[in-house]
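Please take these sequences and the hints and turn them into a complete structure.
Listed below, chain by chain, are the residues.
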Amino acid sequence: MIQEGGYVLASSFLFYLMIYTILALSTNIEYGYTGIPNLGKVLFYFVGGIVTAVIATRTYDAILGIEDPLSAVAAAKRVELAASEPGLAVGVFLVSLASGGLIAGLLGYLASYPALALRGSTLSIVLLIFGEAARVFVRTYEPLVGGVFGISGIANPFVFLRDPLAVSTAYLVTTALITVAVLVLVERLVNSPFGRVMKAVRDDELAAYALGKDAASVRGWVLFTGSALAGIAGSLYTFYSQAIFPDDFVPSLTFFVLTMVIVGGVANNIGVVVGALLMSLIERFSQASTLAFFGIHVPFDISYVRYAVTGALIVLFLLYRPRGLIEERPVKTPLYDVLAGRRKAQKVRIGG
Amino acid sequence: MIEEALGQIPISLLASSLYATAAIGLTLNYLVLRYADFALGEYITVGCYVAALLTLNGLDPVTAMLASGLAGATLALLADELALKPLERRGATALQVFIATIGISLLIRYVLSIAADLEDLLFLSSGFRLVPILYIGNRPITNLHLLAVTVLVGSVAALTYMSLRTRLGKGMRAVASNRDLAISSGIPVWRIRRFTRLLVGAFAGLSGALWAYYTSINPESGWRLLLWVFASSIIGNFTSFPLTLLGGFVIGFSENFGMWAVSRTLAVPTAYKPLIPYLAIVAVLLYRYRMRFRGVGEG
Amino acid sequence: MSLLELSGVTAGYGKIPIIREIDLRVERGETLAVIGPNGSGKSTLAKTVVGLTTFFSGSIKFDGLDVTSLPPERRALLGIGYLPQTGNVFPDLTVQENLEMGGYHLKGAELRLKTTEVLELFPELRDRLDQKAGTMSGGERQMVAMARLLMMSPKLVILDEPSAGLAPKLVERVYQKIDAMRAMGMTIVLIEQHALKALKHSDRTVVMVGGRIALTGTSEEVSKVDLRTVFFQVSRG
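Protein chains in written order, with our numbering: chain U, 16 to 367; chain X, 58 to 356; chain G, 143 to 379.
Please note that the accuracy of each hint is not assured.
Below are the EDC-like pairs computed for lysine to aspartate or glutamate, each with C-alpha atoms no more than 20 Å apart in a straight line [to be verified]:
1) X:Lys-142 <-> G:Glu-215
2) X:Lys-330 <-> U:Asp-219
3) G:Lys-157 <-> U:Asp-219
Everything labelled a hint here was simulated from the structure, so no lab data went into it.
All values reported here derive from a predicted model rather than from experimental measurement.
So this is what it looks like as structure tokens:
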């Protein structure tokens, strides 16, 4: 019993840690490397979830001919179908993941379009308001994903394994693989000539223009990528909880993730992973369930502490350690390795 | 129908006055001190609680409101002196200062939440008694509406007078106009900074008091309002006070009057209320963007 | 005692030193011209005296006081007046208000008196008092800038390329004002691209090349030197 409880706690902690890692990495490429404070981060996470919910439910509903998609009966039927047709389940999973990422990415690019020429803080506030507006819309317009009560029966791709432990483990491993893939991708992105351009736009936009780099288009691409990653995270989360509730997607999450970058290491992806770990621990220890487990009782809602600490960390780190715990390193393009003596310059044949 | 339409005017007026008063502070802070203060919402919330608690204990609403202004001013000054000014002195970028204000906002809001939870004050109604004065359509203009408009007009008048006639006020404009020159010509920029922060916090605190008189409050009240205050300043492009005032009214009226119109004509449920002001911002931004674009094309 | 004394000053921006080991004196009542080719550090020298650069080594003494570690606002209050090349007025404020900001530390009657005094020197501004400084032409703005500076009753006036970007007629006007200031006994440091003008309107001259002082002497002496050989010498590190 305790083993099971322990397993549930540990696997849930790990899963959220990985989701946070993806979100934090996506924030890092936007804020850390390119200087865009995307305060609408949770919106793109949400979009990934909505797209996933829509695809996952509508597909099964169409096959099963379901009339009342919001009912518990419908949810059960969907899961049953997914369990008996693993190919379908995995297919829906992959399509949702890709679509969630793509649509979130496109939205990221679009949402910043009219505001691309605006100052950093204005852009970020507009994105934050956009996120809240979307949340209000989705929680009110029931036909989309069930309004405020959400929709359930979004079948995890591994339900065919039947045993809950196996399903959970398989999904955890899959998420881990995806997280590692994201980390590798992001590292490749920032240790490339484009990575240098990102930093140029962050540090000295005017100089970047002088070098022929269009800051607005760089920001557009970075927002596309960052939002796509957030969308993928949202998709993964939705299959994990097998349901979606609009009120889970609030601005506090954006700030929480931003803190991971500020504390862990601005423009340092390993640092950001450390930041994600730290904030995940803080979250875990400011939950009522954890306190109950240890038999501690406080006379107020403990989750308040989580955000008070988040705010304090932001201010303290900006004041005393603005680069974060693990600092930024130079962009590691092949040229850098040559200069550092780690690689021999390749001879280039010119002309012909 | 007309009755109802006219009836939307009082609430729109109230909301507009509130947003505009706080937005003036937000824009002022940006113009003089070069950062958008995300923690403004918390100065509003503090104003809410001070006004609510004082009126519940028998103090008259006007004095309580002034106390709210004082509370907001003090908090704004403290936040700047303890965190934001040191940050700038260490060479932080405007973006980093903005992020810091987000941190301050979270810190104040959740410490306030803990305190409110401990004292069982998570939801609070003030001791303000609403007195209808005259009816417009099917809703009344009350003493609160008069108070709100007075606060707005008074704030604008005071700010205008100060910036045109007093040395400190002109100093604010000088710093906003050319900060480097102000520094190298011996103008007391730090004193001007403190003065600006007091004004910014005061405007926020006053708005908070008005909100507390209108409805019940909680630690998130200011934060909820902040988005619309920001929207008002965005419409004012963070540079123009008249446009910021207009922004406040665009948001206030679109939120209430606009919502009523849309729900009557298109049968849109009122739960969609928060979307209306958002559409207003998008419209303004697109308009501005196309204006810029068109200008480039003709150039 | 010299009004301004720089000893072994090395300063620049960020981590990069621009001017190196500068030894300089400015005596009360004299006008010192600082000339040199583009990028020789003339402006940096001016900004260093004012306190707007990164200081690496050396010391600055003003009126007997060591001001090396004082921030710009304190130095301004001590009497170091600085007219930057650009951004030297408050564009959103009227001419009147610009003058008032110059005389920020003066009270009512004192302020009025000083304003009258300064307007004697700049009578052309009398009709423009309510005009926003930003709407004025380059030459007129330069007048406002100089007038604002004089409102501070500075002990030392540092003019950073006051004639830059102005048409010849306006350059003449600027130099008329400078001559008037000299006649009043003011101590002036005149940074100029326009070497000939600077030599004609100053007492002593310092020639800067590559961040160092290449030549000093009275303006008369320096004007006899073929400056091309001085300007284009290879800088020694």
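- Task: Decide if the proposed pair is consistent with the structure: Lys-157 (chain G) and Asp-219 (chain U), CA atoms, cutoff 20 Å inclusive.
- Result: Holds, because 17 Å separates the two Cα atoms, which is no more than 20 Å.
- Message: Need the status of pair Lys-142 (chain X), Glu-215 (chain G): alpha-carbon distance at most 20 Å?
- Response: Holds, at roughly 16 Å.
- Item | Straight-line alpha-carbon gap Lys-330 (chain X) to Asp-219 (chain U), limit 20 Å | 40 Å, violated
Of the numbered hints stated above, the single one contradicted by the structure is hint 2.
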